[in-house]
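Q: Take a look at the letters that make up each chain.
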Amino acid sequence: METDYAIVGGGVVGLSIAWGLLRRGRTVTVIDGEDGSIRASRGNFGLIWVQSKGLKQPRYAQWSQRSAAIWAEFANELGDNTGTDVALEQKGGYDLHFSEETLQATVAQYETLKQQLDGNYPFDVLGHNALRKEEPHIGPKVVGAILHHQDGHANPLRLLMALAADVRRMGARVLTGKTVTDVAKPDAFRVTCADGTVVSAAKVVLAAGLGTAQLGPKLGFKAPVRPQRGQVLITEKMPKLINRPSIYARQVNEGGIQIGATNEEVGTDDRVTQRGLSGLAADAIAAYPALAKAQLVRSWGALRVMSPDGLPIYEQSADMPGAYLVTCHSGITLSAAHARLLPDWLEGTAAAPDLEVFSEARFAVS
Amino acid sequence: MKRYDLAVIGAGPAGMATAADAAGFGLRVALLDEQPRAGGQIYRDVDRESAERAAVLGAEYTEGKRLTAKLSHDGIDHISRAVVWAIEDGFYISYTRDGKGAQLAADRVVLATGALERPMPVPGWTLPGVMTAGAGQILLKQSGVLARNAVLVGSGPLLYLIATQMVRAGTPPVALIETQTRADLKRALRDFGGAIRGWPYMAKGLRMLAEIIRARVPRYVGASDIAVEGQEQAEAVTFVKGGKRHRIACDTVFLHHGVVPNTQAARAVGVPHRWNTAQACFAPELDAWGETAVSGLFIAGDGGGIGGAKAAEIAGRLTALRLAEASGRLAKADRDRRAMSLQAAWRFQRAVRPFLDTAYPPYWAALTPGDETIICRCEEVTAGDIRRYAKLGCQGPNQAKAFGRAGMGPCQGRYCGLTVTALLSEAHGQTPDETGYFRIRPPLKPVTVGELAAMEDTAPGTAE
Amino acid sequence: MKPASPFLELDDASRVDVVFDGMPLRLSDGANLAAALLAAGVSVFRETPVSGAPRAPFCMMGACFDCLVEIDGVVRQACMVDVSDGLIVRKPLSGEVLDETV
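Residue numbers (the working numbering), protein chains in the order written: chain A, 5 to 370; chain B, 20 to 483; chain C, 12 to 113.
None of the hints are false.
Using 27 Å as the maximum straight-line C-alpha spacing, the simulated DSSO-like pairs for lysine-lysine come out as follows:
1. A:K145 x B:K119
2. A:K244 x C:K102
3. C:K102 x B:K119
4. A:K60 x A:K95
5. A:K222 x A:K189
6. A:K244 x A:K137
7. B:K263 x B:K205
8. A:K244 x A:K145
9. B:K205 x B:K223
It is worth saying that the hints were derived from the structure and are not from the lab.
Make a model of the complete structure from these sequences and hints.
A: What follows is the structure in structure tokens.
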């Protein structure tokens with residue numbers, strides 16, 4: 005056996021899991037794709053986000069909260085090990101509203117969830133004037149916001165790099181430029197790549213983002229994930245304009261304002277469109293009018309990895325015990341949980357988190 | 020939204036020739052260009068030149084008037100000051116003009132986006148006072164502005180041209196520091212000497228050199244270990260020649276070691292590119308008429324591979340023939356008959372390239388610079404950073420960009436892309452084709468969020 | 012006052028008033044702004060947001076974005092702007108974000 009774990013996928017999800025396993029003394033081989041592979045880790049918005057998640061499934065809200073709560077510790081450890089500051093900020097985040105009706109409707113939903121979570125759902129509702137005290141550049145069309153204190157953001161690209169550096173420091177074998185074509189389990193797992201590389205491993209974790217849709221069935225998973233395009237914009241570096249992030253905009257640590265994001269069902273087309281960018285620009289200016297004069301320097305289309313209900317999937321294969329599927333569209337928020345909590349689940353220890361509600365069983369065969 | 024038969028992007032020799040000939044065949048043409056006046060970089064502001072400037076710049080420059088004159092044709096809308104930032108299928112072209120976003124549609128598109136100076140990252144190249152030789156040319160052509168106290172550094176005939184022009188204007192350069200070696204010239208003469216016999220510019224090149232020598236401009240051929248010194252601005256160039264270190268004080272440094280195709284727009288629409296070993300750059304894959312793998316999208320001129328102004332003009336005319344034929348305005352046989360003399364002229368213009376590429380190779384130390392040298396001017400990423408990302412598993416430029424921001428600034432990798440590819444290729448023992456290039460996306464040039472938002476209701480396909 | 016310039020202007024054109032970074036200058040009307048500032052002796056156009064390093068025009072053809080300046084609150088390439096009377100040019104990012112909605 006070459007390795008305890010073969011992890012298919014070298015993005016934030018795969019590397020976070022690898023990091024956690026290495027930290028427990030397991031040997032890990034990460035099998036990563038090419039420079040041009042579809043990579044949600046390079047295109048995401050960088051929020052560490054709790055609010056609005058799990059409105060229909062409080063366990064998802066709790067799982068996000070657990071991850072957010074241990075993120076700082078995780079970030080510090082990565083920083084100490086690699087010297088990379090992932091620019092974590094957890095001072096809360098906003099859900100901005102342009103109408104009193106949507107604001108009140110959302111508050112009602114949050115109140116319900118708060119009860120289900122035994123009160124652990126700290127948020128404040130800010131009217132326009134209160135919001136303006138916090139965010140002097142907010143526009144007159146914003147009637148108010150929900151400030152959720154468990155929200156925050158980080159630099160997702162620095163997270164990706166810090167993980168890539170730290171797993172290597174801890175002795176991971178990372179194979180790059182690979183396309184996994186088959187996984188078999190004659191005895192141990194045999195993971196075969198297009199170039200003929202074969203990795204034998206005691207366990208396999210499938211964390212290949214959109215690639216899991218193709219590979220999953222070979223391991224007995226349904227893996228019902230689909231791409232959902234999000235177009236994202238970023239401006240030139242600017243003086244401080246935005247204090248706390250929202251899903252409309254956040255100011256990144258380098259100074260640019262990141263503006264997001266569309267939700268489009270267009271398959272694997274990851275291009276940006278004038279129409280998409282213009283719509284996002286208009287929304288961003290409604291929220292922060294000063295953005296009108298900012299130069300947009302880059303934009304990109306990233307493909308979210310979406311399950312039918314939008315929640316993560318954690319599943320051990322019934323056909324091939326020892327093969328695990330991990331997929332989610334909130335790889336940054338859940339990175340700390342994947343690094344610090346998921347190894348217990350993979351190792352089957354008493355401390356394993358209960359992830360039953362995230363099993364594939366919830367997707368009935370129709 | 021206005022729809023045209025053809026949109027030409029770039030009003031240099033290739034774009035002007037394409038637009039003029041296509042309009043001559045009856046096509047409705049939009050000619051989009053960033054500058055206030057047509058000419059491109061080579062004929063920049065040729066219609067506004069003063070007598071003094073014309074005398075300094077010479078007949079090869081004023082020659083451009085022949086092309087600008089042809090643009091006053093009813094079939095051509097010359098949209099000047101238009102900064103194109105997106106080209107979408109259909110084709111829908113988004114651009115900014117006078118602080119407003121706008122869009123037009125065209126059945127076919129010709130990219131005539133020309134060349135960029137090959138990036139020449141040497142220590143100190145980001146200091147004020149350090150410019151490209153092309154910038155020196157543009158200062159002179161457009162503004163009649165000359166550097167009083169400049170050193171020219173690098174290799175290639177453009178350095179001789181600008182030196183000659185400075186001599187004529189009475190401000191000769193302080194020195195010419197050349198990175199090519201006598202051995203490069205010998206090899207070029209041995210392997211490609213035959214091709215340049217009878218080539219008219221050869222005599223011109225020799226005349227320029229004679230003029231430079233007559234003006235007693237010091238030349239240092241075979242220089243290496245080049246760096247620019249200075250704190251707030253360039254103060255001197257240092258280099259090694261013949262085992263001896265030299266330091267030449269100056270205010271301005273003009274860098275040049277060749278030009279490369281400006282591939283930003285072509286890459287953004289998904290045109291496949293291949294590494295051209297002889298020219299040490301990526302170039303788009305084109306057929307004989309300049310058509311790309313993207314149906315209806317053509318590339319003419321230096322943007323398709325470096326050939327110079329004359330070759331660019333001819334390429335534009337060949338593309339126009341194909342456009343006329345494709346739109347049913349010219350029979351195939353007529354197209355091919357008319358193309359014959361143009362193709363011969365094109366081959367003649369390009370015949371000198373292997374000689375020039377060999378005699379004036381890029382300065383090797385600026386292709387894969389030392390660790391401390393900044394290679395991405397916008398985000399201030401060094402060559403050593405890229406080598407470190409290679410060790411962290413970055414096989415290609417896009418992962419390296421994610422790790423260290425090289426190519427994320429407003430220039431979008433125009434002046435670091437080739438260096439990043441070269442450094443990763445070196446680190447992994449890969450070819451440039453295997454390493455690949457940045458994924459280029461809109462906006463091709465920055466556009467304000469306000470301009471973008473004002474276009475919210477512009478739905479592609481809606482009538483004007 | 013007007014600093015000595017390492018650049019020389021061949022042509023004589025009519026001059027207009029322009030302010031760069033608080034400094035009054037007389038520049039050629041209709042000229043390319045980057046060229047005119049260089050000719051007027053402006054050597055540093057801006058400091059980079061990454062390290063604060065000084066920068067000035069590099070390519071003069073709209074490709075490198077080193078000649079960025081701020082005009083009317085918008086950061087633009089000086090080499091893509093024409094000189095006009097009364098132009099106020101600032102170094103980019105030299106102040107707070109202006110908010111016109113307050």
